[in-house]
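Novice: Sequence:
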Amino acid sequence: MSVRVLLVDDQPLMLVGLAILIGDTDDLEVAGQAGDGHEAVRLARELRPDVVVMDIRMPGMDGIEATRQATAEPDAPKVLVLTTFDDDEYVYGALRAGASGFLLKSMALDAILDAIRVVAAGDALIAPSVTRRLIADFAGTFAASAAPAVPEPDAEPDTDSGLLAAITDREREVLALVGEGLSNPEIAERLVISAATAKTHVARLFAKLEARDRVHLAIIAFETGLAPRRR
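Our numbering numbers the first residue of the sequence shown as 1 and each following residue consecutively.
Just the calculated beta-carbon pair ranges, DEER-fashion:
# : residue 1 : residue 2 : range
1 : F206      : D169      : 16 to 24 Å
2 : A203      : E29       : 22 to 30 Å
3 : R204      : P12       : 39 to 47 Å
Taking lysine to aspartate or glutamate pairs in the EDC-like style, the calculated list, with each CA pair at most 20 Å apart, reads:
#  : residue 1 : residue 2
4  : K208      : E173
5  : K199      : E180
6  : K105      : D62
7  : K208      : D169
8  : K199      : E189
9  : K199      : D114
10 : K199      : D123
11 : K105      : D10
12 : K199      : E210
13 : K208      : D123
14 : K105      : D24
15 : K199      : E173
16 : K208      : D75
Since the hints were derived computationally from the structure, they do not count as laboratory data.
Model, not experiment: these values are computed from the prediction.
Ideal Cβ positions, reconstructed from N, Cα and C, are used throughout, including at glycine.
All chains should be modelled from the sequences, with the hints used to inform the complete structure.
Specialist: Below you can see the structure in the form of structure tokens.
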């Protein structure tokens with residue numbers, strides 16, 4: 001089955017270019033096109049695409065708010081933010097809104113297609129080196145706003161929280177490494193297991209922790225103290 005993609009951008013040439021690019025593939029298809037956030041949310045509800053490729057700066061409703069509304073729907077699509085602007089605030093805003101990836105329009109066309117496939121498969125699209133920086137900042141901000149109290153710096157992390165009660169010791173190790181931004185092959189190498197086994201552990205973490213993607217898993221790792229916070 002093809003991955004159905006909703007394209008959202010206020011630049012007609014960008015929409016046409018992406019539509020042509022996707023049309024030349026066997027495993028992707030364009031489900032629809034939108035020129036602003038309001039139309040994106042409406043079409044996401046009507047067309048039920050697998051992935052929404054979302055621009056950020058658009059008239060009316062921007063891509064971040066559109067992402068927030070689209071991902072709040074039942075059976076929500078995955079959202080891949082595709083923008084010209086490499087700005088941390090946009091990255092944080094997109095992740096908070098529920099995006100599964102953040103990509104720049106300057107990337108190679110093949111990389112954009114691969115990114116759509118990665119997001120459709122339930123993975124996150126941020127390179128490990130970037131993940132460590134962005135997730136550390138994001139998780140710290142999220143925890144500070146959500147937690148009723150901030151633990152002392154030297155306090156022991158709450159790795160026995162109810163959130164982690166259902167996972168095994170090995171899965172905790174894997175979750176901690178996801179929080180460090182490691183890919184499945186890197187996790188396999190670190191734990192001396194096969195890549196297939198690492199992938200299986202990550203899949204089980206998705207199910208047990210009800211995480212939408214690796215970014216969400218990384219946030220959980222930070223929130224529960226399995227991954228060290230940056231100071």
